[in-house]
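Peer 1: In our numbering, each residue's number is its place in the sequence shown (first place is 1) plus 549.
Keep in mind that the hints were calculated from the coordinates and are not lab data.
There could be a bad hint or two in this list.
Taking lysine to any residue pairs in the SDA-like style, the calculated list, with each CA pair at most 25 Å apart, reads [as the list claims (entries may be wrong)]: (1) Lys-724 <-> Ser-569; (2) Lys-762 <-> Leu-789; (3) Lys-724 <-> Pro-584; (4) Lys-791 <-> Thr-646; (5) Lys-724 <-> Ile-774; (6) Lys-762 <-> Gly-583; (7) Lys-791 <-> Ser-736; (8) Lys-791 <-> Arg-629; (9) Lys-762 <-> Ser-716; (10) Lys-791 <-> Phe-804; (11) Lys-791 <-> Phe-825; (12) Lys-791 <-> Ala-627; (13) Lys-762 <-> Gly-823; (14) Lys-724 <-> Arg-772; (15) Lys-791 <-> Arg-811; (16) Lys-791 <-> Arg-772; (17) Lys-762 <-> Ser-736; (18) Lys-724 <-> Pro-743; (19) Lys-791 <-> Gly-766.
What follows is a set of in silico ranges between Cβ atoms, one per label pair, in the way DEER data are often shown [said to hold, decoys possible]: (20) Pro-584 <-> Glu-643: 24 to 32 Å; (21) Arg-717 <-> Gly-567: 21 to 29 Å; (22) Asp-675 <-> Asp-759: 19 to 27 Å; (23) Arg-772 <-> Gly-745: 23 to 31 Å; (24) Asp-675 <-> Ala-812: 21 to 29 Å; (25) Phe-825 <-> Glu-770: 46 to 54 Å; (26) Gln-617 <-> Thr-573: 38 to 46 Å; (27) Gln-771 <-> Glu-636: 44 to 52 Å; (28) Leu-673 <-> Thr-573: 18 to 26 Å.
Note that the Cβ used here is the ideal one computed from N, Cα and C, for glycine as well.
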Amino acid sequence: MGRADRRPPGRGRDQDAGVSPVLTGKVVVVSGVGPGLGQAIALQCAKAGADVVLAARTESRLAEVAEQVTALGRRALAVRTDITDDESARRLAETATETFGRVDTLVHNAFAIPPLADLGGTELADIRRAHETNVLAALRLTQLCTPALTESGGSVVMINSAVLRHSRRSFGAYKMSKAGLLALAQSLASELGPQGVRVNSVAPGYIWADSLKWYFGYLAEQRGISADEVYRETAETLDLRKLPEPAEIADAVVFLASPMARAITGQCLDVNGGEFHH
């Protein structure tokens, strides 16, 4: 019982078995660089050949990921950023362009958890705060990076969620936030397409990272079973019988940022192991 720290049962193959150098010479800006998916996006982009601009509010996390990026032979620029603040976001965009001379992809991964409660009893101010980070900050940073993205013929990738595909109780504010982000991405795709800029979304479901491992350990202790059993029960609801890992979701970001997706815009790519079909 307890936390499930090892690789999921029955899944011994390498889930990060090399990334093609499809982003060689590119510069990728990633917001919301923290443990889990943000870190994985930065590292998979670096493995694909990109230099990476790292944005988050926690300097220690930025320094750690920057060190990992440079260990892969790529350049890393860590910029402490509050993307909900106009001046801070502006400084990020300007520093990225001034340092590298270009921006090819902007990845919106920053996220504030909305209240997980029924909408009827939720304070509007709490919903508004999450909306500020999850939707309006994404628009702000895209606006600031649009000149550089237009010059490079670049792209934007917004990290969404499988919450788009269900209406489970207590997820109302979460779904409102992510539905707004999807509408933003689709509208920007239409607006920026004539300038040669593509805008797409990636919607993960379960992500087999630290927070979910902790939660499965908690459920295991509550039920008196092993964390592996909780994992297996959950995985049974997915077609692939396996919960996606951060690097696997990040690879979808790399694909959408790469020339392989040069004719793809306005789309939302679900990466959920077959939990939902869309």
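Peer 1: Each hint: holds or not?
Peer 2: Hints versus structure:
no.	hint	verdict
1	Lys-724 <-> Ser-569	violated (34 Å)
2	Lys-762 <-> Leu-789	holds (19 Å)
3	Lys-724 <-> Pro-584	holds (23 Å)
4	Lys-791 <-> Thr-646	violated (39 Å)
5	Lys-724 <-> Ile-774	violated (31 Å)
6	Lys-762 <-> Gly-583	holds (16 Å)
7	Lys-791 <-> Ser-736	violated (33 Å)
8	Lys-791 <-> Arg-629	violated (35 Å)
9	Lys-762 <-> Ser-716	holds (24 Å)
10	Lys-791 <-> Phe-804	holds (21 Å)
11	Lys-791 <-> Phe-825	holds (13 Å)
12	Lys-791 <-> Ala-627	violated (33 Å)
13	Lys-762 <-> Gly-823	holds (20 Å)
14	Lys-724 <-> Arg-772	violated (29 Å)
15	Lys-791 <-> Arg-811	violated (30 Å)
16	Lys-791 <-> Arg-772	holds (21 Å)
17	Lys-762 <-> Ser-736	violated (36 Å)
18	Lys-724 <-> Pro-743	violated (30 Å)
19	Lys-791 <-> Gly-766	holds (17 Å)
20	Pro-584 <-> Glu-643: 24 to 32 Å	holds (27 Å)
21	Arg-717 <-> Gly-567: 21 to 29 Å	violated (37 Å)
22	Asp-675 <-> Asp-759: 19 to 27 Å	holds (25 Å)
23	Arg-772 <-> Gly-745: 23 to 31 Å	violated (53 Å)
24	Asp-675 <-> Ala-812: 21 to 29 Å	violated (40 Å)
25	Phe-825 <-> Glu-770: 46 to 54 Å	violated (29 Å)
26	Gln-617 <-> Thr-573: 38 to 46 Å	violated (19 Å)
27	Gln-771 <-> Glu-636: 44 to 52 Å	holds (45 Å)
28	Leu-673 <-> Thr-573: 18 to 26 Å	violated (47 Å)
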